[in-house]
Amino acid sequence: METLITFLRLVLLSMVPFVLASQGTMLGGRTGIFNVAQEGIMLLGASLGFLVSYQVGNNFVGMLAAMAAGAVFGLLLAYFTTTLKMNQFFIGLSLFFIGVGLSTLLPKLIIGITLSPPLIPTLPEVSIPLLSQIPLLGPILFRQNGLVYFSIVLSLLLWYFLYRTQRGLELRAVGENPMTADSLGINVVRARYWTAILGGALIGLAGAYLPMVYTGTFTEAMTRGRGWLAIALTFFGGWSPLTILTGSLFFAGVEVLAFRAQVIGLALPYQYLLMVPYLATILIMILTFRKARVPAFLGQNYDREKRNL
Amino acid sequence: MKALGRTILPYLIAIAVAFAAVGIFIAAMGFDVGRAYQTILLTSFRTPNGFIQTLLKFIPLTLQALAFTVPLTAGKFNIGGEGQMIVGGIAAAAVGITFSDLPPVLLLPMVILAGVLAGAFWGLIPAWLLYRFGLNEILTTVLLNFVSFAVIDLVATGPWRDTTAGHPTTIPIGQGGWLPMLINNPPLHSGIILAVLVAAGIYIYTSRTTGGYELVATGANPRAAEVFGIHVGRMFVFSLVLAGALAGLAGSIEVAGVHRRLIEGMQSNFLVLGLIIGLIARGNNLAVPFVAFFIAVLEVGASAMQRTLMIPVEMVFIVEALVLLFVLLSDVVRRR
Numbered sequence: 006m007e008t009l010i011t012f013l014r015l016v017l018l019s020m021v022p023f024v025l026a027s028q029g030t031m032l033g034g035r036t037g038i039f040n041v042a043q044e045g046i047m048l049l050g051a052s053l054g055f056l057v058s059y060q061v062g063n064n065f066v067g068m069l070a071a072m073a074a075g076a077v078f079g080l081l082l083a084y085f086t087t088t089l090k091m092n093q094f095f096i097g098l099s100l101f102f103i104g105v106g107l108s109t110l111l112p113k114l115i116i117g118i119t120l121s122p123p124l125i126p127t128l129p130e131v132s133i134p135l136l137s138q139i140p141l142l143g144p145i146l147f148r149q150n151g152l153v154y155f156s157i158v159l160s161l162l163l164w165y166f167l168y169r170t171q172r173g174l175e176l177r178a179v180g181e182n183p184m185t186a187d188s189l190g191i192n193v194v195r196a197r198y199w200t201a202i203l204g205g206a207l208i209g210l211a212g213a214y215l216p217m218v219y220t221g222t223f224t225e226a227m228t229r230g231r232g233w234l235a236i237a238l239t240f241f242g243g244w245s246p247l248t249i250l251t252g253s254l255f256f257a258g259v260e261v262l263a264f265r266a267q268v269i270g271l272a273l274p275y276q277y278l279l280m281v282p283y284l285a286t287i288l289i290m291i292l293t294f295r296k297a298r299v300p301a302f303l304g305q306n307y308d309r310e311k312r313n314l
Numbered sequence: 010m011k012a013l014g015r016t017i018l019p020y021l022i023a024i025a026v027a028f029a030a031v032g033i034f035i036a037a038m039g040f041d042v043g044r045a046y047q048t049i050l051l052t053s054f055r056t057p058n059g060f061i062q063t064l065l066k067f068i069p070l071t072l073q074a075l076a077f078t079v080p081l082t083a084g085k086f087n088i089g090g091e092g093q094m095i096v097g098g099i100a101a102a103a104v105g106i107t108f109s110d111l112p113p114v115l116l117l118p119m120v121i122l123a124g125v126l127a128g129a130f131w132g133l134i135p136a137w138l139l140y141r142f143g144l145n146e147i148l149t150t151v152l153l154n155f156v157s158f159a160v161i162d163l164v165a166t167g168p169w170r171d172t173t174a175g176h177p178t179t180i181p182i183g184q185g186g187w188l189p190m191l192i193n194n195p196p197l198h199s200g201i202i203l204a205v206l207v208a209a210g211i212y213i214y215t216s217r218t219t220g221g222y223e224l225v226a227t228g229a230n231p232r233a234a235e236v237f238g239i240h241v242g243r244m245f246v247f248s249l250v251l252a253g254a255l256a257g258l259a260g261s262i263e264v265a266g267v268h269r270r271l272i273e274g275m276q277s278n279f280l281v282l283g284l285i286i287g288l289i290a291r292g293n294n295l296a297v298p299f300v301a302f303f304i305a306v307l308e309v310g311a312s313a314m315q316r317t318l319m320i321p322v323e324m325v326f327i328v329e330a331l332v333l334l335f336v337l338l339s340d341v342v343r344r345r
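Heads up: the sequence lines are chains A and B, in that order.
According to the numbering used here, the first sequence is numbered sequentially starting from 6.
According to the numbering used here, the second sequence is numbered sequentially starting from 10.
One should not assume that every hint holds.
Said to hold, decoys possible - Pairs of lysine to any residue residues, derived as SDA-like cross-links and limited to a Cα-Cα distance of at most 20 Å, are as follows:
no., chain 1, residue 1, chain 2, residue 2
1, A, 113, B, 313
2, A, 90, B, 340
3, A, 90, B, 344
4, A, 113, B, 344
5, A, 311, B, 230
6, A, 90, B, 36
7, A, 90, A, 184
8, A, 296, B, 141
9, A, 90, B, 322
10, A, 311, B, 341
11, A, 90, B, 230
12, A, 90, B, 19
13, A, 113, B, 37
14, A, 90, B, 141
15, A, 113, B, 322
16, A, 296, B, 143
17, A, 113, B, 341
Worth flagging that the hints you see were computed from the coordinates, not collected in a lab.
So that you can see chain A by itself, here it is in the shape it has in the complex (with noise of 0.2 Å):
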């Protein structure tokens, strides 16, 4: 019982990064832009995150921090591809070297090298009072730190607007159709900006919290490909913030299931159990690839004065 407690615990942990970057990644691509640039912006996220709330002391500030660099890529990324025309991949790969490069140029500008990694202290746990007394359910869900709490709200709240508001509604039509959102008045370029800096923005986010939670200091690679398990997710998820949100529940299982199968004391060389994520990933992508409901304009970019696209 303990230790069924403290997986499922663990699963909504991990499942954070999962869950922003994902839904970072379904906004955008509901505008049609497609990032293939989550892996370089969650590990600048992860170095200027740490580096940031190391130098202030504040981890909120270093969250912001992140998120803004977020915010700057998704803003190249929208003004290269929607102002520019740019192809969507060669310029979200360039995004990605960038990001890449700056992750582990940062922290040797800044800090230097040292003997021990400099710390800084992981987010607290907000326990919420009353609901965190429930049996079974009050530690799994109810004593959390705050972004676990944030990202279900942010899915709630993503699934809402996409589905419940008019503005929604439209958003979906640039990703569908943007000729006759177009011509329905609806602003694309406007739409396409915005849904790409706040996707850029959740995705920082979901880099910085890798050194907030899991290790108090970044290193190099330590995404260790959730940026792109992020994309996966997304597609596996239908583009859609609920079935995210659930999907990602399973990619953090199986992360849980891998990367602390050892201190469970299974005989089997770890090395398997590291394979055990991507593997797991491409076999959900062959289960339900035909379920996979994509953006119709996913991946390119709207000229109004084309006559037909």
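Starting from the known structure of chain A, fit chain B onto it as the hints suggest.
Only chain B this time, still in chain A's reference frame:
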């Protein structure tokens, strides 16, 4: 001549702007920009050793870049060159260790071929997933990189582990599997000939043969290609498998020529640099070796700069990424 100038000019501007932008940053950090850039650009040409270091980097960079540009010709993105190279290296080392007593006539081709085949197999997996299930190849190729990290760790810490080495490393492959040396001091192995021949072969294939033309047609407009009877799905598979073979060759050359054993982490950052090279070359297979040489010069210079001036190597990586961004931007400028 004028046309050549018009192609090269945007590159020169992109390089100049990237260097200027990072130069301001380096100066702001309180480093000597002039000495930094001298070191970056000239280390390769000051000593024989520097030049050969550059050639040694040029080999895997060219192959990795081609592993990206060949599928790109057909409109597919292979971000899995790292895994394909690792798996190629593993297979090369496995053959080289298992049959270590064989003479060079047999063992060397076996080692090289093992790497090529293993890389091709690693490329076949995403190709098949794309063909059979329509899975996005960007994702599957990347995810397989992470699988390969675990595989190489398994092999390098397994029964073949060299227990005297601090880092996960296997025992050496048999002498028969070593690539012959062209120059002994400083050491340059004959893998460079292989790389140049392969690069030339890829260029001739994609620009001068029917099969290559089908690849180009598929990339230009898959629907039109389909109408004209090209089996587009098969072209995708073929291009990804060929890419895997190229990256696998890079792995076996590193094992047979440079390390003579399998070392964890030997893939370095060749994948990312290969992608940058392929994109700067705009997917043009003829341009790839030249861009690869330029990047190899920068990389060798970057290491020297870090050693002598204490400026982090990543600074040069940012320069490379910015060159790419400005080269891409020059298309927009030209369109206007």
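So, against the hints stated earlier in the document, which numbers end up violated here? 4, 6, 9, 14, 17
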